[in-house]
Amino acid sequence: MQPAPAKVSFKEQMLQAREHAILRSACDLLGEKSFDAMTMDDVAGKVGIAKASLYKHFGSKEELCSAAMVEVLSAAQTYLTSLEPSLPAVDKLRAVVRWSLQRLLAQEMPLLPSRNSTLRSVLMANKCYADGVIQVSDIIGEWITEAQAEGVIDPDLPPIGVLYTLYARACDPVVSFLKDSALYQDEEIVDLVLRTCFDGLRAR
Numbered sequence: 001m002q003p004a005p006a007k008v009s010f011k012e013q014m015l016q017a018r019e020h021a022i023l024r025s026a027c028d029l030l031g032e033k034s035f036d037a038m039t040m041d042d043v044a045g046k047v048g049i050a051k052a053s054l055y056k057h058f059g060s061k062e063e064l065c066s067a068a069m070v071e072v073l074s075a076a077q078t079y080l081t082s083l084e085p086s087l088p089a090v091d092k093l094r095a096v097v098r099w100s101l102q103r104l105l106a107q108e109m110p111l112l113p114s115r116n117s118t119l120r121s122v123l124m125a126n127k128c129y130a131d132g133v134i135q136v137s138d139i140i141g142e143w144i145t146e147a148q149a150e151g152v153i154d155p156d157l158p159p160i161g162v163l164y165t166l167y168a169r170a171c172d173p174v175v176s177f178l179k180d181s182a183l184y185q186d187e188e189i190v191d192l193v194l195r196t197c198f199d200g201l202r203a204r
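Each residue of the sequence shown is one higher than the one before, counting from 1 in full-length UniProt numbering.
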């Protein structure tokens, strides 16, 4: 008989709930204004706690945002594994891009740090983040090579180039331009970007 799991104290539950709220708020702010523009005051204000309380959970903005990026990667991994294995590879790729575009429109997709951002080096040194990127890239990369073998994606394109092209949709400025135009509903924007991504601009 398995021993009963240890009970989590009420205090620990409250700390976990607050940490989750902090990470959620950090993700939202990273989607709204990027790492370099975001401050710890912004995060504390959004959560509704004192900045001193925020620092009890995360010692720096870099540490907090690294944890938030790991959360996003974890959500992406969960989504990837939820897709029906029998789906054609290109349909899985479309589904992943659709998911990332929907997150971007909901401002739940953190904007990638600029090349000279201090967060970039911190992320590269974070094993959980680095391992997550590799795992996600391996899954999507396998679908890309399958789609190329089936002739659905140009086999002359280097798979890594296709991979980065799909990743770029998660921070595509076209999405915000179309949103700001007020000409299209969110799902129309998603469909339009998916169409240009996978079908190109040439008339058929």
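These are calculated hints, taken from the structure and not from any lab test. None of these values were measured; they are calculated from a predicted model. Even glycine gets a Cβ: it sits at the ideal position worked out from N, Cα and C. Any given hint could turn out to be false.
With a Cα cut of at most 30 Å, we get these calculated DSBU-like pairs of lysine-lysine [stated by the list, open to error]:
#1 K179 to K127
#2 K46 to K127
#3 K56 to K179
The calculated label-pair distances, taken between Cβ atoms and stated as ranges, are [what the hints assert, rightly or not]:
#4 T39 to I134: 38 to 46 Å
#5 Y184 to V8: 28 to 36 Å
#6 P88 to M40: 18 to 26 Å
#7 S121 to Y184: 20 to 28 Å
#8 L157 to D91: 34 to 42 Å
#9 A21 to C128: 41 to 49 Å
#10 K56 to C128: 15 to 23 Å
#11 G48 to P88: 20 to 28 Å
#12 R24 to K179: 16 to 24 Å
#13 T145 to F10: 48 to 56 Å
To see whether the hints hold, each was checked on the structure:
Proximity of K179 to K127 is assessed by CA-CA distance (about 35 Å); at most 30 Å being required, the pair is judged violated. Using a Cα cut-off of 30 Å, the hinted pair K46 and K127 holds, with the two alpha carbons roughly 28 Å apart. The straight-line distance between the Cα atoms of K56 and K179 is roughly 37 Å, outside the 30 Å bound, and the hint therefore fails. The supplied range of 38 to 46 Å is broken by T39 and I134, whose beta-carbon atoms lie about 31 Å from each other.
Here the CB-CB span from Y184 to V8 is close to 45 Å, at odds with the stated 28 to 36 Å. P88 and M40 have their C-beta atoms about 45 Å apart, which leaves the hinted 18 to 26 Å range violated. At about 38 Å, the beta-carbon gap between S121 and Y184 misses the expected band of 20 to 28 Å. Checking the proposed 34 to 42 Å range against L157 and D91 shows it is violated: the Cβ atoms sit about 19 Å from each other.
Look at A21 against C128: about 20 Å separates their beta carbons, and that is not inside 41 to 49 Å. Between K56 and C128 the beta carbon distance is about 21 Å. The supplied range of 15 to 23 Å therefore holds. Checked against the given bound of 20 to 28 Å, the beta carbons of G48 and P88, roughly 46 Å apart, lie outside it. At about 22 Å, the beta-carbon gap between R24 and K179 stays in the expected band of 16 to 24 Å.
Between T145 and F10 the CB atoms are about 50 Å apart, so this pair conforms to the stated range of 48 to 56 Å.
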